[in-house]
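Take a look at the letters that make up each chain.
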Amino acid sequence: DARVTQTPRDKVTEMGQEVTMRCQPILGHNTVFWYRQTMMQGLELLAYFRNRAPLDDSGMPKDRFSAEMPDATLATLKIQPSEPRDSAVYFCASGPGLAGGHEQFFGPGTRLTVL
Amino acid sequence: QQQVKQSPQSLIVQKGGISIINCAYENTAFDYFPWYQQFPGKGPALLIAIRPDVSEKKEGRFTISFNKSAKQFSLHIMDSQPGDSATYFCAASMIGNYGQNFVFGPGTRLSVLP
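Residue numbers (the numbering used here), protein chains in the order written: chain R, 1 to 115; chain C, 1001 to 1114.
The following block holds chain R by itself, in its conformation from the complex (with noise of 0.2 Å):
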């Protein structure tokens, strides 16, 4: 059963604490998307990986925010330091891009909530 998976699912942390995110991708896709839900803006994509590389992380607030793909089976976000207004929803998506067709497949997010 082919699945994106996120950790942690939920986390808990205090305003200026570092936060890092992980993804696993299903086998085989090559792209990589990290979106952030909200109430407020509903869902943005902050960042989108084509075979490990950034191709567009212009969603991405940079002071704080990076995103790496160190292998093809695990994307990391991170958050340093963290504030109250990055609490939201992390998802994870992955596709396997223009030759497999458009879909993305998500993962069930990381709940972020920071004191």
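Within a straight-line C-alpha distance of at most 20 Å, the following computed DMTMM-like cross-link-like pairs (lysine to aspartate or glutamate) qualify: (1) C:K1057 to R:E103; (2) C:K1071 to C:D1053; (3) C:K1058 to R:E103; (4) C:K1042 to R:D10; (5) C:K1042 to R:E103.
Honestly, the hints are just simulated from the structure, not real lab data.
Take the given structure of chain R and dock chain C to it, following the hints.
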């Protein structure tokens, strides 16, 4: 120009009724229009999608209607069931730029009453 507008924000329908959610876009370069369904505590999941070369696509009780000239598309859920209660997102993208310029609407919270 990158926005996708979606209405209504919330919708309450009786069991067996028809649920209709509307979306509109501005960027004529968009050529892929998916609908995602999200249940509480879960990630969005693709429900149905359409390309602009057809005006309608049906999968079971779910139908997308597409009006290219008006730059509008809508989701119709026939015979709505309580299990359809979820948040629905329309989205738009460009096939050639897979993943990039992928824009979601703000979502519609659907409640189907038993």
